[in-house]
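Take the two lone chains and join them into the complex the hints point to.
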Amino acid sequence: MGVLVVANLSKAYKRYPGKWARTLEWLTGHPRHEKTWVLRDINFRVEPGESVGIVGVNGAGKSTLLKIITGTTRPSSGEVRVDGRIAALLELGMGFHPDFTGRQNVLIAGQLLGLHREEIGTRFGEIEDFAEIGEYIDRTVRTYSSGMQMRLAFSVATAVRPDVLIVDEALAVGDAYFQHKCFARIRRFREQGTTLLIVSHDKSAIQTLCDRAILLEDGVVIRDGPPMEVMDFYNAIIAEKENATVEVGRLQDGRAVTRSGTGEARVESVTLLDEQDRAIEFVNVGQALRLKIQIQAYQELPELTLGYMIKDRLGQTVFGTNTYHLGEPITNLLPGDRRTYVFAFPANLGPGSYSISTALHTQDNHLAANYEWRDLALIFNVINIDRDYFIGVNWIPPEVIVEE
Amino acid sequence: MPDLIMFRALWTYRGFVWSSVAREFSARYRESLLGAIWSVANPLAMIVIYTVIFSQLMRATLPGQEQQPFAFSIYICAGIITWTLFSEMLQRMTNVFIEHGNLIKKSNFPRICLPAIVTLTALINFAIILALYLLFLAIIGHWPGWLLLALIPLVALQVLFTVGLGILLGTLNVFFRDIGQLTSVVLHFWFWLTPIVYTKTILPPSVQEMMRLNPLEPLIESYQGLFLTHEWPNFAALLPLTLITIALLLIGARFFLSRVGELVDEL
Numbered sequence: 001m002g003v004l005v006v007a008n009l010s011k012a013y014k015r016y017p018g019k020w021a022r023t024l025e026w027l028t029g030h031p032r033h034e035k036t037w038v039l040r041d042i043n044f045r046v047e048p049g050e051s052v053g054i055v056g057v058n059g060a061g062k063s064t065l066l067k068i069i070t071g072t073t074r075p076s077s078g079e080v081r082v083d084g085r086i087a088a089l090l091e092l093g094m095g096f097h098p099d100f101t102g103r104q105n106v107l108i109a110g111q112l113l114g115l116h117r118e119e120i121g122t123r124f125g126e127i128e129d130f131a132e133i134g135e136y137i138d139r140t141v142r143t144y145s146s147g148m149q150m151r152l153a154f155s156v157a158t159a160v161r162p163d164v165l166i167v168d169e170a171l172a173v174g175d176a177y178f179q180h181k182c183f184a185r186i187r188r189f190r191e192q193g194t195t196l197l198i199v200s201h202d203k204s205a206i207q208t209l210c211d212r213a214i215l216l217e218d219g220v221v222i223r224d225g226p227p228m229e230v231m232d233f234y235n236a237i238i239a240e241k242e243n244a245t246v247e248v249g250r251l252q253d254g255r256a257v258t259r260s261g262t263g264e265a266r267v268e269s270v271t272l273l274d275e276q277d278r279a280i281e282f283v284n285v286g287q288a289l290r291l292k293i294q295i296q297a298y299q300e301l302p303e304l305t306l307g308y309m310i311k312d313r314l315g316q317t318v319f320g321t322n323t324y325h326l327g328e329p330i331t332n333l334l335p336g337d338r339r340t341y342v343f344a345f346p347a348n349l350g351p352g353s354y355s356i357s358t359a360l361h362t363q364d365n366h367l368a369a370n371y372e373w374r375d376l377a378l379i380f381n382v383i384n385i386d387r388d389y390f391i392g393v394n395w396i397p398p399e400v401i402v403e404e
Numbered sequence: 001m002p003d004l005i006m007f008r009a010l011w012t013y014r015g016f017v018w019s020s021v022a023r024e025f026s027a028r029y030r031e032s033l034l035g036a037i038w039s040v041a042n043p044l045a046m047i048v049i050y051t052v053i054f055s056q057l058m059r060a061t062l063p064g065q066e067q068q069p070f071a072f073s074i075y076i077c078a079g080i081i082t083w084t085l086f087s088e089m090l091q092r093m094t095n096v097f098i099e100h101g102n103l104i105k106k107s108n109f110p111r112i113c114l115p116a117i118v119t120l121t122a123l124i125n126f127a128i129i130l131a132l133y134l135l136f137l138a139i140i141g142h143w144p145g146w147l148l149l150a151l152i153p154l155v156a157l158q159v160l161f162t163v164g165l166g167i168l169l170g171t172l173n174v175f176f177r178d179i180g181q182l183t184s185v186v187l188h189f190w191f192w193l194t195p196i197v198y199t200k201t202i203l204p205p206s207v208q209e210m211m212r213l214n215p216l217e218p219l220i221e222s223y224q225g226l227f228l229t230h231e232w233p234n235f236a237a238l239l240p241l242t243l244i245t246i247a248l249l250l251i252g253a254r255f256f257l258s259r260v261g262e263l264v265d266e267l
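These protein sequence lines are chains A and B, in that order.
Letter by letter, the first sequence follows residues 1 to 404 in the working numbering.
Letter by letter, the second sequence follows residues 1 to 267 in the working numbering.
Hints are computed from structural coordinates only; laboratory data are not their basis.
Heads up, some of the hints might be wrong.
Listed next, the stretches of chain A that the computed footprint assigns to chain B, with coverage defined by at least 3 CB atoms under 8 Å from CB atoms of chain B [as the list claims (entries may be wrong)]:
(1) 14-23
(2) 97-103
(3) 111-123
(4) 384-398
Chain B is nowhere near these chain A residues, computed Cβ spacing over 12 Å in every case [claimed, not checked]:
(5) E50
(6) I86
(7) A184
(8) H201
(9) D218
Built from N, CA and C at the ideal position, the CB exists for glycine as well.
Bound-form chain B, shown alone (with noise of 0.2 Å):
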């Protein structure tokens, strides 16, 4: 069982895969004097000019809403915070191997954990962000209460979602290099195609329709129920993104095993 091994391995180096994750953190803010701050400003600015474009200057409202002056930041918000962490996993991973080509050409370690650190980096940045939307909805008086437990099937699809698609995206982009640059392209399609700075039914019925094929539309939908009308999620609509997440760790894993060896080779 390769894949056992693998998970075996990268329990071994646990402590390598966890300090990794810690120097990750403390070099990116070592040498700047506002530290960790820093990981929050970038989605916190996001956050403002949306909110600020569209519910103030643009006097968008969501229908049912009127009431709640922050709706529309609240909705922004859900879908924007998980969408981060869809986008900054899947492009790091995308890289991962490349980014540390040197690394896994001079010594010998599981190559799974590179994939790991991504994962546990870009998590940590979630919750930090996540904590602070959290504050938000606490002062606001918006607060979710035992609803955010369904945040955590939903989060965990997503991740193994984007595991299941980074770890086969990123060992195809050793091999052609296309790949990492056409994932970022197709990232922003696939973020203005995903109703987050907009909402579904601003569009025409046909177009709804197509949106469906997007899998990602039913959890980012669920987010943001959760978060604005306080409803739970619709497990069922998750169905198409569940079976897609396991073809899609099965595949990835098949695929970064049978290549993994050839990895060093083409770096």
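Bound conformation, chain A alone (with noise of 0.2 Å):
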């Protein structure tokens, strides 16, 4: 149960000239209309437990592929075959009519998604409680707030474990309380067998849930892999300008290196040095250390502003900074201009693997022009080799006052 395959999956949407093409078309049987594809050729497998992020810019068929998925819209070709029941996080709260009570709500919902009257009845009490909405179950919709709505939803749509869940962003909704129940719940159906697709921008959610990644760029798969080195080329693809490049390369361990941007300046060498300027890759907590970044401009800059950020193992950024807020600008480079910036700072970071990417760019971010983005630049692993025990990925040592 929970396999989910999608083989040789495409979309077109027909688009027809004029209001009596189709007329025409019935009529003769000779086809007048155009067809826009916006799913070409999808192909892949997840397996029974996995969860797989969906990415890609507005527009690149995330969507369609899940209304697919789900049975709502039909593909022109190839197939979806899903093993089991398959559940959908993607409208919440669709079929809520605002003139009836949470409680009808509930019910007409549940029969909307293939439940049974007794099954909705045994699990009330469930999806009251998750819901936490108190009194007003027996109040109109109306009166509901939309965070309420959505909770509801949530908790009708999740009340039986599906084989299958699809979970749209619709969870960025609600407060950062009821998120995290979401999570956790899904975090549960997962450890239960449950198969996770996941749609969302948002980096950390994908990073931290799934197993791996999907992007999809104008309805076609473009990159299928770990969720971090999908994340890095989709964001290289949102920075990328025109004629800029994305390039991959892999680590020795495997994991892919993107370099993106348009070049006029590069990241010539990162390196990690101790105090005694030695390059290390294993770091006691806290212990100081020296990251050597050596950058050469390849066109006239006027202005550059060079950054390094922190991320641990499942991407999310420990620390950034950059050469801007730091009151540091690099300004008047000449082609073939070499420059060498040190950045000197304690490992007050948990034990744990972290990778540095730099950037190069203009002003405070990237958005602007990016003239290199480089993920992965240098892995080093933090060790706690003297530090009292602790967890976490920051090393925040406390001093313990007893009071009397």
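Here's what the structure looks like:
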């Protein structure tokens, strides 16, 4: 249960040149429409219990793909095979009628999901508890806040563990407390073997929940692999300007390094040094570090910013800054000019693997002009050699004071 | 067998269909003080108006029924009540997919549920009005007795005819929105081309001949005969309508099944 296979899936919408074109086509049997392809030859397979993130810019075809998987829309060719019950958190609260109470709406929404009256009846208490809307359950949905509606809808949609769960960015609604609750429930389903399909722009959601990510661009799968690698590539695409290139290399451990940008300036080398200027890979918690970055300009650049980010194993940014914010702008570069920057800081990090990404751009971010963006420019490990045991990604050593 | 799958899906979703029917009723009258009375008010108003105008103001009488003071009322109601079932079902079915476009676009459920909900809702409305009508017949001492059983095949035939035509038009309407407009125009003409508020005998013989082209005419005539003169329906006269119904159901189902996947792209 829970296998999802998408095979040679394509979808085209028909476009008719005029009002009468369809009539003529139906009468004569001679096609008169043009096809707009929104998905082309999509193939992937998701194993039971696996969770896959689907990413892509707006209009890449994510929604159409999900609609086809849930069966709302039919593909033009190819097929989707789903083993087991599928539940989708796409349009939460869609089936809700504003003039009916939460209780009545729960019944109909459940039935719309294919549940029986008795099944809903036995789970009603659970649904009510999870939504936490209190006495509002017996008031009309019209009086609900959007957060309450979404809580109730999520609660119904996930009342019975599905074999395949499809989650859209819908989860971005609701307060932080409820989001945590939602994610906890999704994680629990996943542990129990539910296959997960998540569409989101939220990098951290994808990286923490998914084993794999699929990147769609213009209706084609352009990347399918580990979430961190795919998200880096995705970010590179977003930042990518005309005549920019995106290259992907591989590290020795098989992880991909993404380099993108227009190339007016490049990072030549990145090294992590200890206080004695020796290159190191293993770092003790709290050790003083020196990050040395060498850059070279390939064109005349009146102004340049060099930035770096330290990311944890899941790709979450732990810390990031740049020369603009540090008040050290780089100015008046001529083609061929080289500069070396050293950033000295203590490794106030928890044990684990970290990576460093570098960026070269103008002003304070890479959105206006992106000369170079490099993910996984360097990898290092933090180990706890002589500090008191602690957990987490940060080292924030406390002083214990016992008050009488 | 896609037809079979369609019926099985409908059966699986019967709970949804029933709740939707119930919801439709309570939604209609939820915020009104008089509630369900309004579902009776409309046809009742129509009956009263036609009875007053035709039998009282215009002194219309039915040949052979001079001794029954309510003859014209019985005649008109028999036609109007059943015609209302037909026109309400057909109009709602023609628009049912467009009306629920949002639901179709956003969630996956057997689309055939929607015409089923319309049919059940219309039938319940019909049952309420029919009950009032039967009460009226009992009070004036014109109770049809066992003849009422003949109503079952007649209504069944009418509903199947409407479902076949309704699904065909409803599906077409998604692709060509003219169909919905056209249907309501045609229904106006159809009403007056069927002897409901007048009797066939007032027409010249040549026009009476042409009326036989109207497949609903023998059906309505059967209802009127059943309630007014207490005669069994002439089932032989209903044969053309039965054949048309079978054809419509087959065409409607084929057409619906072949286009149902495309529906969502057009809504």
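Structure-based check of each hint:
For the region 14-23 of chain A, the proposed coverage by chain B is satisfied: 3 residues have a C-beta within less than 8 Å of a C-beta in that chain, meeting the threshold of three. Look at the region 97-103 of chain A against chain B: 3 of its residues bring a Cβ nearer than 8 Å to a Cβ of that chain, three or more, so the hint holds. With 5 residues having a beta carbon nearer than 8 Å to a beta carbon of chain B, the region 111-123 of chain A meets the requirement of three or more and the stated coverage holds. Coverage of a stretch by a chain is defined here by at least three residues with a beta carbon nearer than 8 Å to that chain's beta carbons; for the region 384-398 of chain A and chain B the count is 0, and the condition is violated.
No beta-carbon of chain B is positioned within 12 Å of the beta-carbon of A:E50; the least distance is around 22 Å. Distance check on A:I86: its Cβ comes as close as 9 Å (rounded) to a Cβ of chain B, failing to clear the 12 Å threshold; non-interface status is violated. With a closest Cβ-Cβ approach of about 25 Å to chain B, A:A184 is found to remain outside the 12 Å limit, as its non-interface label requires. With a cut of 12 Å on Cβ distances, A:H201 stays outside the contact zone with chain B, its closest approach being about 21 Å.
Residue-level check passed: A:D218 sits 19 Å from the nearest beta carbon of chain B, beyond 12 Å.
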